[in-house]
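If you read the first sequence in the numbering used here, its first letter stands for residue 900, the second for the next number, and so on.
Incorrect hints may have been included.
[What the hints assert, rightly or not] For lysine-lysine, the following DSS-like pairs were computed, each having C-alpha atoms within a straight-line distance of at most 27 angstroms:
id, residue 1, residue 2
1, Lys949, Lys972
2, Lys921, Lys972
3, Lys949, Lys921
Think of the hints as simulated: they come from the structure by calculation, not from any bench.
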Amino acid sequence: MRPSSSFNAQVYALVRCIPPGKVLSYGRVAEMLGVPHGAREVGWALSALKQARNEPPVPWHRVLNAQGRISIKGSPEAALEQRLRLEAEGVVFDEHDTLDMSRYQWNPSPPELAALLQRIRAETSGRD
DNA sequence: CAATTGACTTGAT
DNA sequence: TATCAAGCCAATT
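Construct the entire structure; sequences and hints are all you get.
If you want it as C-alpha cells, here you go:
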C-alpha cells in the first residue's frame, strides 16, 4: 500500500478544497492530480475513507461520476446521505437524479489550481 | 501469480 | 437517449 497512500492523501487534500455547492468528477480529480486514467483510484481512496479517520473531515459527497450522478454502489444509505448533503448545500438534482455538471462542477483557474496543487504536494510529500 | 472486483470513463451500437 | 464493451489501475482473493 506504499505508493498509493500518498496518492490518497492528495485526493483528500484536493477534495477538501472543493467549495460547498460545487462538485468534481472522479476522473477530474484524477486528472488534476496528474493521473489521467486514475478515476477508479479516486473512488478507492474515497471508499477507504469510511474506515480511515479523516481530520479535518473530507467532503467526499462533492465527488460523483462524470455524468453528474451519484455513483456509490452497495450502500444505498451512503448514496442517500450523499444526495442529502449535496442538496443541503443548494445543489438541485433533476428528474433523472442527475445534476448539471456544466453548472456545478468546480473549475478553478489554472493559476489557482497550480498553487493549490503545489501546496497539496508540499503537505503530502513528507507524511505517510 | 492469475482472476476478480470496484464510489470510473469513453466511444460504439 | 439508452445500453454495451473495452480500457484503466490498484486492492483483494
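Structure-based check of all given hints:
As the CA atoms of Lys949 and Lys972 are separated by approximately 14 angstroms, the hinted pair is consistent with the 27 angstroms bound. Between the alpha carbons of Lys921 and Lys972 the distance comes to roughly 22 angstroms, so the proposed pair stays at or under 27 angstroms and holds. For the hint linking Lys949 to Lys921, the alpha-carbon distance of about 21 angstroms falls within 27 angstroms, and the restraint holds.
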